[in-house]
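With chain A's structure known, arrange chain B with the ligand on it following the hints.
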Amino acid sequence: MYGYNGKLLRINLREKTVKTEDLDLEKAKKYIGGRGLGTKILMEEVDPKVDPLSPENKLIFMTGPLTGTPTPTGGRYMAITKSPLTGTVACSNSGGHWGAELKYAGYDGIVFEEKADSPVYISIENDTVEVKDASELWGKTVSETTEALLEKSPEKSKVLTIGPAGEKLSKIAAIMNDKDRAAGRSGVGAVMGSKNLKAIVVRGTNKVNVYDSDKLKAVFSDSLKKIKENGVTGEGLPTYGTAVLVNIINENGVLPTNNFQKAQFDKADDISGETLAEKYLVKREACHRCPIGCGRYCKVDDIEGGGPEYETLWAFGSDCGVSDLKSVIKANYWCNELGLDTISAGATIAAAMELYEKGYVKDDELDGLSLEFGNGEAVVEWTKKMGRREGFGDKLAEGSYRLAEMYGVPELSMSVKKQELPAYDPRGIQGHGLQYATSNRGGCHVRGYMISPEILGEPEKLDRFSLEGKTEWAKTFQDITASIDSLGLCLFTSFALGAEDYGELYNAVCGTDYTGETILEAGERIWNLERIFNLRAGIDPKEDKLPKRLLKDPIPEGPSKGWTHKLDELLPKYYEARGWDKNGIPTEERLEKLGIDDEGLAEPACE
Amino acid sequence: MKIEVRLFATLRKGRGKKVYIEEDEGLTPKDIIDQLKIDEKDVSILLVNGRDGKLDTVLKDGDIVSLFPPVGGG
Ligand code: SF4
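Quick note, the sequences are listed as chains A and B, same order.
What the first sequence shows, in numbering that gives the first Met the number 0, is residues 0 to 606, in sequence order.
What the second sequence shows, in numbering that gives the first Met the number 0, is residues 0 to 73, in sequence order.
Next up, chain A with everything else stripped away, as it sits in the complex:
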């Protein structure tokens, strides 16, 4: 067995039983692992119409075949389930060290079923897997839980946990590992909380077998060289992390400000990566086997911890009109401690601020705390209240869409499929906007990072306003990303590596015979499988859209002034490029070509 361990853990939380199952290797190689294989298992075992927070939903942790192997960034895992935020398939990816440790313990993944009748955690030490009482951990923050578990576990154990937000079923709750790495998006933390599952601590001492270690050495040093020589992965990300984007995106006039009411922030430099590095950065951090090391570790007043990332600087910064970097770092800290997705949390506060500005939310709900754009200290307090569902924070915990809906104005939520959009205004980045509208997990930038060609010029510079060729680009980016996620590598490697490189790494580790072309095809297969899940879950293709503001209201000022997003023109071409019909339903022909016709998935899933 190479790359894969060939073993899955199946844990029934109601019965408190643990079973080890053989992995179907043929299926694994077809869907690669991680995101692809996890979705395949979810599809086979869970009715897509299931209530995401009911015991019938399952929570799957899956590593990739390259997780835990000597490959650059080979350390990632994914949490796959049905999302309580979007109702779509959820797949949230995280780095750190937990995923590799699970692999060293001898497993490719874990499938959680049902719900425990009281809080539990799982302890894994190689073959010994136990369901243990977690009543003393319930209510504790992420760092408290992590420390408590590390104390009573074997040395070098790794901890994955939810915080109070997940326990309280916040629809924007994250799953945290190694204290400050997050499988952040789509409310996966709430699914874990709904199962009364607080944490998983794991220690493994096995090695992952490699098919051809000589070849791997060669492929590894080749890809490492590319990563080191590439300006972004060799220099930009290591020096400034993702935070450096604040100024670039702002200079282009596409930095969403005050809940996307504007696209340029006059105080962007105050919350930029440059200012962060100058004032608060303590050290860099890297995930398992990562030669890039984009992680930041900051200290401000009496708190310190991992982050903030670009997305977080934006969400709590310009999107809330906040220029006080100290407050942004604190809000990030509380998201990590309480287990909240920083993008959705910040963007939800921004939406609440607009609701307040427009008079929908009134002072009598707010217990004296300000909800005005620009108030950094209040943003920190709202983050804490959101994580614990206190006062008006209870409404915030539902995410921006449900919040705005409560006041009868869902259009003030800047979200797609109810998931908050990240830090790029698509009106000035047309391909990226198409990507937002069609992402299989709703508003998301890492299903196909079109910022790379449209702003950063990698692998080549595209005109960000032009529609020309954007559908093909978006499709290719989406497909390759699905494969990278499934392999267990970090998406950031893609600034330097291409589909062939991934195929070579996969082949050296697993003895497969993937090529650049079949890597892309596997990604397309995964993309279509996710689409089918969503259609069966009842997500109408009409939901492939953007908030009205971004389609109708031109950007009011700055370098992207006057632009709206041209989704109407792009979407039909995108469906065509995907080989879907004009209503956005995968055609039998395309599914057959991708080899997903044999599994009873081809019948129209949505009438």
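Honestly, the hints are just simulated from the structure, not real lab data.
Since this is a predicted model, take the numbers as computed values, not measurements.
Honestly, I wouldn't trust all of these hints.
[As the list claims (entries may be wrong)] Here are a few chain A residues that sit away from chain B, every Cβ distance over 12 angstroms (derived from the structure):
# : residue
1 : S122
2 : Y279
3 : E284
4 : P290
5 : E499
[Claimed, not checked] Subject to a maximum C-alpha distance of 30 angstroms in a straight line, what follows is the list of computed DSS-like cross-link-like pairs (lysine-lysine):
#  : chain 1 : residue 1 : chain 2 : residue 2
6  : A       : K565      : B       : K53
7  : B       : K53       : A       : K278
8  : A       : K278      : B       : K59
9  : B       : K40       : A       : K282
10 : A       : K227      : B       : K12
11 : B       : K29       : A       : K560
12 : A       : K15       : A       : K151
13 : B       : K1        : A       : K460
14 : B       : K17       : A       : K298
15 : A       : K565      : A       : K460
16 : B       : K1        : A       : K266
17 : A       : K560      : B       : K53
18 : A       : K266      : B       : K16
19 : B       : K40       : A       : K261
20 : B       : K29       : A       : K460
21 : B       : K16       : A       : K298
22 : B       : K16       : A       : K460
23 : B       : K12       : A       : K460
24 : A       : K282      : B       : K17
25 : B       : K16       : A       : K282
Ideal placement from N, C-alpha and C gives every residue a C-beta, glycine not left out.
For chain B with the ligand alone, kept in the frame of chain A given last:
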């Protein structure tokens, strides 16, 4: 004419955040980069008034030139 040059990330070292350049007509971003002793290969993103610029674009009075080294992330 007067051009505002905005510098970012590593390009700020020893140069500051903002530089104003006053010159007769015909100035290009290439001239600015040379004047500031920036290696051409260290500039990966070049914007003129927030739009993609070229090294040989002829600048007008009041233009804003933004220069970035290779950077990225999500
Ligand atoms: S590039 Fe950053 S996020 Fe990716 S594996 Fe490395 S440190 Fe982690």
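Open item on the list: Using Cβ atoms and 12 angstroms as the threshold, tell me whether P290/A really stays out of contact range of chain B.
Closed with: With a cut-off of 12 angstroms, P290/A remains clear of chain B, as the shortest Cβ separation is near 15 angstroms.
Task: Pair hint outcome, K278/A versus K59/B [Cα-Cα no greater than 30 angstroms] - done: Violated, at roughly 36 angstroms.
Open item on the list: Would the hint linking K282/A and K17/B be met if the CA-CA limit is 30 angstroms?
Closed with: Given that 30 angstroms is the threshold and the Cα spacing comes to 27 angstroms, the pair holds.
Task: 30 angstroms limit on alpha-carbon distance, applied to hinted pair K565/A and K53/B - done: OK: K565/A and K53/B at ~26 angstroms, within 30 angstroms.
TODO: Take the C-alpha atoms of K1/B and K460/A, compute the straight-line distance between them, and say whether it is at most 30 angstroms.
DONE: 28 angstroms, holds
Open item on the list: Does K12/B sit within 30 angstroms of K227/A, going by the straight-line distance between their CA atoms?
Closed with: Given that 30 angstroms is the threshold and the Cα spacing comes to 22 angstroms, the pair holds.
Open item on the list: Holds or violated: K17/B and K298/A, Cα atoms, limit 30 angstroms.
Closed with: This hinted pair holds, its Cα atoms lying about 28 angstroms apart.
Task: Satisfaction of hint between K460/A and K565/A, Cα-Cα up to 30 angstroms - done: 20 angstroms, holds
Task: Holds or violated: K15/A to K151/A, with C-alpha atoms at most 30 angstroms apart - done: Given pair K15/A, K151/A holds - Cα atoms ~21 angstroms apart, limit 30 angstroms.
Task: Distal placement of E284/A relative to chain B, Cβ over 12 angstroms - done: For E284/A, whose nearest Cβ neighbour in chain B is about 14 angstroms away, the distance exceeds 12 angstroms, so it holds.
Task: 30 angstroms limit on alpha-carbon distance, applied to hinted pair K16/B and K282/A - done: Answer holds: K16/B to K282/A is near 23 angstroms, not above 30 angstroms.
Task: 12 angstroms cut-off, C-beta based - S122/A kept clear of every residue in chain B - done: 34 angstroms, holds
Violated hints for the displayed structure, listed by number in ascending order: 7, 8, 19.
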